[in-house]
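First to last, the sequence lines map onto chains A and B.
Sequential numbering of the first sequence, starting at 1, is according to the working numbering.
Sequential numbering of the second sequence, starting at 1, is according to the working numbering.
What the hints contain is simulated information worked out from the structure, not anything from laboratory work.
Where hints are given, some of them may not hold.
What the hints assert, rightly or not - Quick list of in silico lysine to any residue cross-link-like pairs, SDA-like style, CA-CA up to 20 Å:
no.	chain 1	residue 1	chain 2	residue 2
1	B	K125	A	S64
2	B	K125	A	F51
3	A	K73	A	N63
4	B	K303	B	L267
5	A	K86	B	R127
6	A	K86	B	K303
7	B	K125	A	K73
8	B	K125	A	L82
9	B	K125	A	G52
10	A	K73	A	S28
11	B	K125	A	V83
12	A	K86	B	Q126
13	A	K86	A	N63
14	B	K125	A	P56
15	B	K125	A	D36
16	B	K303	B	D284
17	B	K125	A	A46
18	B	K125	A	V41
19	B	K125	A	D20
20	B	K125	A	Q7
21	B	K125	A	S54
22	B	K125	A	E48
23	B	K125	A	F45
24	B	K209	B	D315
25	A	K73	A	D20
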Amino acid sequence: MSDDIRQQVRTIVAEQAMIDVEQVTPDSTMDDLGLDSLGLVEIVFAIEEQFGVSVPYNANEPNSEDFDISSVKAVEDGVIKLVAEKG
Amino acid sequence: MRRVVVTGAGVVSALGIGYDAHVAALREARSGIGPIELIETDGLNIPIAAEAKGYVGTEHFNRNELTLRDRVTQMALTATGEAVAASGIEISDELAMRTATVIGTSMGGQHTQDDNYRLIYRDGKQRVHPFTVPKLMANAPASWISMEHGLKGPAWSVSTACASSNHAIGQAFHMIRSGMADAALTGGAESGLTYGVLKAWEGLRVMSKDTCRPFSKTRTGMVQGEGAAILVLEELEAAKARGAVILGEVVGFGMTADANDIVQPSLDGAARAMGAALTDARVDPSEVAYINAHGTATAANDKTECAAIRQVFGDHADRLLVSSTKSMHGHCIGAAGALEMVATLSALKSGIVPPTANFEEADPDCDLDVVPNEAREADVACAVSNSFAFGGLNAVLVARRFDE
């Protein structure tokens, strides 16, 4: 289940970064992948659409602890948590 | 006084993509009005429009570009690309600071608004795409033009309904003439053929179910259109110094408000706008050979406009050629004035006056030579282009043939 979520998140990230999904590693940061603030907002939108969750992300507080975007793994963890909370 | 010339023009309209296609259709009296194909028409009472059917965004932009650009911006950028290439203008770092971007649009990114509002109101979705705001905002076309061409001078959008692009071109012209800018990209874009916008127009009961017949006694109302036209304006000496081909000279601009009614036109406001434009141009009414009319094919406009022309031009009105090219490219609202300025410039340059198409029967209330159905060869040294907006905001441009 969670591996599947991780893979889906990476696919979303790869699509926005316009790279192959294999190039998206857990340690990659959004900066590493060349994603700007608009790209990040699109990723959040795609995650919400795909998983039916509401992501507590505010572009004015990108470092807020509500939703950690410091790395791909952090985003994956955040999505797994949100999906679990949804039940 | 500094003089201002047009050195390039680009067009997307129901008559085709590009200046040449637009002008060729005007000369052939070919109408771009037909059944709506761009959107679902189930439920529309009036399923006709002047759609830019040949314009497909994916042929001009990649996926990422389309993510951020509504159809109105796409059309504006395509027309701008053509205008800049045609003019041959090179925007140096220095000129970039002195180049204005003034773009008319009445309603901005209506496809974005319609598509996304439908998702939340009808489909019960909880969210819209994150770029909905930057796509639908009315200044998006102006902003994208400045970004794509690196124009760093004054830039803004003008929204005065059907007069938007005449107001835009007029202000760009005045800025160059006064020395506030040395060049400008100006004109207008509109892409409001959406279900919501068309329903709104249906509500006003001014739309034709068959076609647009300006000045014809058998007229049945206006037909909505979409498109974009962008002009490159330059200060004359700079244009000459670089050997630019000059399409025509902008010599006057007049604007007035009716201060009367939110939809009904006013003879007084229209006449004062034409008078103000001629005064600004230092042109005597007897010098004008052609008027590209506002000519919406509504009873209210056509009668009022003809009476206003008579008031301003007196006996000379009987020697004027007056045509409405909306009969062919439809009423493109915020792009109307710019598309019509292209028609006007082509008449100045070629001596071929575009006709009023779809004309059937003379109307005693519009007893001017409206150039019915066939283009006319004429010696046009000076021409006027009228735009009279809902809300009583009038904007009139005067242009001259450029003789070296």
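Checked hints:
Straight-line distance between C-alpha atoms of K125 (chain B) and S64 (chain A) comes to about 26 Å, which puts the hinted pair past the 20 Å bound. A threshold of 20 Å between alpha carbons decides the hint, and for K125 (chain B) with F51 (chain A) the separation of about 14 Å falls inside it, so the pair holds. A distance of roughly 15 Å separates the Cα atoms of K73 (chain A) and N63 (chain A); the hinted pair therefore holds under the 20 Å criterion. Taken as a hint, the K303 (chain B) and L267 (chain B) pair is honoured in the structure, with Cα atoms around 9 Å apart against an allowance of 20 Å.
A distance of roughly 17 Å separates the Cα atoms of K86 (chain A) and R127 (chain B); the hinted pair therefore holds under the 20 Å criterion. A C-alpha spacing of about 65 Å is found between K86 (chain A) and K303 (chain B), which places the hinted pair above 20 Å, so the restraint is violated. With a CA separation close to 28 Å, the supplied pair K125 (chain B) and K73 (chain A) exceeds the 20 Å bound. Between K125 (chain B) and L82 (chain A) the alpha-carbon distance is near 19 Å, which keeps this suggested pair within the 20 Å criterion.
Between the alpha carbons of K125 (chain B) and G52 (chain A) the distance comes to roughly 11 Å, so the proposed pair stays at or under 20 Å and holds. For a cut-off of 20 Å, the pair hint linking K73 (chain A) to S28 (chain A) stands: about 8 Å separates their Cα positions. As the CA atoms of K125 (chain B) and V83 (chain A) are separated by approximately 19 Å, the hinted pair is consistent with the 20 Å bound. A C-alpha spacing of about 16 Å is found between K86 (chain A) and Q126 (chain B), which places the hinted pair at or below 20 Å, so the restraint holds.
With a CA separation close to 23 Å, the supplied pair K86 (chain A) and N63 (chain A) exceeds the 20 Å bound. Distance restraint check for K125 (chain B) and P56 (chain A): the Cα-Cα separation of roughly 18 Å lies within the 20 Å cut-off, and the hinted pair is therefore satisfied. Taken as a hint, the K125 (chain B) and D36 (chain A) pair is broken in the structure, with Cα atoms around 26 Å apart against an allowance of 20 Å. Restraint check for K303 (chain B) and D284 (chain B): not satisfied, since their Cα atoms lie roughly 24 Å apart, outside the 20 Å limit.
A distance of roughly 14 Å separates the Cα atoms of K125 (chain B) and A46 (chain A); the hinted pair therefore holds under the 20 Å criterion. A distance of roughly 18 Å separates the Cα atoms of K125 (chain B) and V41 (chain A); the hinted pair therefore holds under the 20 Å criterion. For the suggested pair K125 (chain B) and D20 (chain A), the alpha carbons sit about 30 Å apart, so the restraint of at most 20 Å is broken. Pair hint K125 (chain B) plus Q7 (chain A) does not hold up; C-alpha atoms about 25 Å apart against a cutoff of 20 Å.
Restraint check for K125 (chain B) and S54 (chain A): satisfied, since their Cα atoms lie roughly 12 Å apart, inside the 20 Å limit. A C-alpha spacing of about 11 Å is found between K125 (chain B) and E48 (chain A), which places the hinted pair at or below 20 Å, so the restraint holds. For the proposed pair K125 (chain B) and F45 (chain A), the alpha carbon gap of about 12 Å is at most 20 Å, so the pair holds. Distance restraint check for K209 (chain B) and D315 (chain B): the Cα-Cα separation of roughly 36 Å exceeds the 20 Å cut-off, and the hinted pair is therefore not satisfied.
With a CA separation close to 17 Å, the supplied pair K73 (chain A) and D20 (chain A) stays within the 20 Å bound.
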